[in-house]
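So the sequence lines, in the order shown, correspond to chains A and B. Numbering (the numbering used here) for the first sequence: 9 to 331. Numbering (the numbering used here) for the second sequence: 786 to 1130.
By construction, these hints were calculated from the structure, which means they are not laboratory data. Even glycine gets a Cβ: it sits at the ideal position worked out from N, Cα and C. Accuracy of the hints is not assured; some may be wrong.
[Claimed, not checked] Some chain A residues judged to face chain B by a derived CB distance under 10 Å, without partners named:
| id | residue |
| --- | --- |
| 1 | Asp29 |
| 2 | Phe33 |
| 3 | Thr45 |
| 4 | Ile109 |
| 5 | Phe152 |
| 6 | Asp173 |
| 7 | Arg247 |
[What the hints assert, rightly or not] Pairs of lysine-lysine residues, derived as DSBU-like cross-links and limited to a Cα-Cα distance of at most 30 Å, are as follows:
| id | chain 1 | residue 1 | chain 2 | residue 2 |
| --- | --- | --- | --- | --- |
| 8 | B | Lys849 | A | Lys118 |
| 9 | B | Lys810 | B | Lys849 |
| 10 | A | Lys260 | B | Lys997 |
| 11 | A | Lys260 | A | Lys206 |
| 12 | B | Lys795 | B | Lys1009 |
| 13 | B | Lys1129 | A | Lys118 |
| 14 | A | Lys259 | B | Lys1129 |
| 15 | B | Lys1129 | A | Lys206 |
| 16 | A | Lys322 | A | Lys187 |
| 17 | B | Lys1009 | B | Lys1074 |
| 18 | B | Lys1009 | B | Lys997 |
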Amino acid sequence: MKNMSMRDALRAALHEEMLRDETVFVMGEEVGRWQGTHRVTRGLYDEFGARRVRDTPISEMAIAGAAVGAAMAGLRPVAELMTINFAFLSLDAMVNHAAKIHYMFNGQFKVPLVYRAATGWGNQATATHSHSPEPIFAHFPGMFLGVPSNAYDAKGMLKTAIRDDNPVLFTEVIALYPKPSPIPDEEYLIPIGQGDIKRPGTDVTIVTYGRGVEWSLDAAGILAKEGVEAEVVDVRWLRPLDLPLILSSFKKTNRCVVVEESLPMYSFGSEIAAQLQEAAFDYMDAPIKRVHAMDLPLPYARTIELMALPNAQKVVDAVREVL
Amino acid sequence: MATKTETLSKETLLTWYEEMVLIRKFEEMCRYLYFDEPDKKRRITGVYLHLASGHEAVHLGAVKALTADDHVITAYRDHGIGLARGVRADLLMAEMMGKRTGVSGGKGGSMHLAWRPVNFWGGYAIVGGHLPLATGIALKVRYMNEPNAVLCFLGDGASNNGYFHEALNMAAVWDLPVVWLVENNLVGMGTRIEDSTGQPELVKRAIAYGIKEGPRVDGQDVIKVYEAVKEALDHARAHGPVLMEALTYRFEGHGVSDKQFDARDDLKHELEQWRTRDPLVVFKALLDKRYKDLDDDYARIEADTDKTVQDAVEFAVNSPEPGYEDLIANVYVDSDLVHGDPLKL
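Bound conformation, chain A alone (with noise of 0.2 Å):
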């Protein structure tokens, strides 16, 4: 057991799934010689070299689809896509080929690849550089998402998205990325799709994944000092979504909080509002609550920018407010 942050706990993943299995690569733009954007990939290039550490050219639209049909034919690549503010360019090559061919040729194509991306906002990165789009790319079925909140979680979720068959996004928060936590040093898979209660409690839910984890987890601190036990669930992957988790914590607490870092409309908070009212209506002793950005694009200053985003103490305000 060590201490490792989740950035280093990221490298060890593709480290060992890279000596584990020759068909895995990584691809993507500065990830070799670089040693990545976001040092994610540091020494990958100097062990492995050019073939299985590719640099690419600025080309989002190529990555996504290059990664497809390399994919398909055989190989497990890890494109980076640097920041999920890229994606976008990369949308119709998961949304239409990643996501689908699987389904759309009748199982004749696996598309086991996973697509990485840094998200979300902070240090004034302004409007363009400040997404976390998760929902979106959620969407769709056919291609899961996962969104660790540590660096434990990270290490496990990463090495499963790589093992699976199925196509993967997973989106790492940057203000998460030094962040340690305590590693084995035996190896351990995370399952695609299972959720983790982070806090147990007893009078509140709170719902959330990647940096809410953090707000939530300091909201439920707060509350405690005032005898309130709130239970912090991290879906940890949007699609497949844990919902048994989430309907069992709800049944047990009757009110719920739901926390993300992304936009308010049709997004992951709509959704948990609506599967809960609708699995467990009987049970709902408050209307749901729901914590997130401001329905607008980010700004610059410090101060407004700030004002606009979720913190631990909204999180307690939403909190008193069903209870």
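Use these hints to put chain B onto chain A, whose structure you have.
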């Protein structure tokens, strides 16, 4: 080196001619089943149907240049390429009719034909979208140090979206064994090449990517297409990508329901001119020049291809419709690594 036409045997050429006739008859039958078939149970009902009539020499000549282990991928005008690659006509016709026995189980339709056993990687319906897939397939070939090449058909219209640029550039940077074969029929859907393309001589774009500028081959002549593509594939295997064109013409609308020739007198005239260079006419003239007394062969070919198409239709008509189990199959690959059932219906 490319195999020269002299080395192609009479038997081979007659087989190719038969396959070309089959493609034309298959397309004409599709047209009939779409518009004219009175029995509703025998119709092709899908809205999209893009016929290959006029392009047969490109499809057949290029595919014949492939080895069995080479790869081929294309856009949505894919029936002829599937037939040329040896996919059974009845399985293709069943896909047209949305039957469970179709190559894609009735879930892909006319635009999404594929047959994995012959490395036919499919038809794709987003213009340009399959180009990076070809790059990726070629990457696997290079990665595994295999001796094969990838043939990627694309329309002239596909040369103007971003996929073209990105996929060709990436394949160039990595020296991948791809032949980019533009089926240049002078029109992207309804917009003429001179109205859409700054440099209508598309092979010149090879310069921009530092790749081999291939020929602009006569796309109505199956032998010329075959020889040029074979040479290009050899180059691709040894040295990396080639961009080439086959100059051809679409005898039908973009989709079968388009009435472009009814609306425009200038196009009607152009069509008439191109019909004098119908790939079947050109091929037959070549055969007649080279061999005597082929009437019996032609008669047999006519009868055999008619029967193949008719059998394909009957197979398709008599095949079962897909059901609920088919509807929900293959959304995801079954996996022990997935918690619970990812299919929430």
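Threonine 45 of chain A as chain B interface residue, shortest Cβ-Cβ below 10 Å: 19 Å, violated
Pair hint outcome, lysine 810 of chain B versus lysine 849 of chain B [Cα-Cα no greater than 30 Å]: At roughly 19 Å apart (the allowed maximum being 30 Å), lysine 849 of chain B and lysine 810 of chain B satisfy the hint.
Pair hint outcome, lysine 849 of chain B versus lysine 118 of chain A [Cα-Cα no greater than 30 Å]: Holds - the C-alpha atoms of lysine 118 of chain A and lysine 849 of chain B are around 27 Å apart, at most 30 Å.
30 Å Cα cutoff - pair lysine 1129 of chain B, lysine 118 of chain A: Answer holds: lysine 1129 of chain B to lysine 118 of chain A is near 20 Å, not above 30 Å.
Per-residue hint verdict: isoleucine 109 of chain A, partner chain B, C-beta under 10 Å: 8 Å, holds
Pairwise hint evaluation, lysine 1009 of chain B against lysine 795 of chain B, where the allowed Cα distance is 30 Å at most: 16 Å, holds
Given hint lysine 1129 of chain B paired with lysine 259 of chain A - CA-CA distance at most 30 Å: Holds - the C-alpha atoms of lysine 1129 of chain B and lysine 259 of chain A are around 20 Å apart, at most 30 Å.
Hinted contact aspartate 29 of chain A with chain B - closest CB pair below 10 Å: At 13 Å from the nearest chain B Cβ, aspartate 29 of chain A fails the 10 Å test, so the hint is violated.
Hint consistency between lysine 1129 of chain B and lysine 206 of chain A [alpha-carbon to alpha-carbon, up to 30 Å]: 25 Å, holds
Interface hint outcome for aspartate 173 of chain A [beta carbon to chain B under 10 Å]: It holds, given that the least Cβ distance between aspartate 173 of chain A and chain B is near 4 Å, below 10 Å.
Given hint lysine 206 of chain A paired with lysine 260 of chain A - CA-CA distance at most 30 Å: Since the Cα atoms of lysine 260 of chain A and lysine 206 of chain A sit roughly 16 Å apart, the hinted pair holds (cutoff 30 Å).
Pairwise hint evaluation, lysine 187 of chain A against lysine 322 of chain A, where the allowed Cα distance is 30 Å at most: 22 Å, holds
Violation of the numbered hints given earlier is confined to hints 1, 3, 10; the remaining hints are satisfied by the structure.
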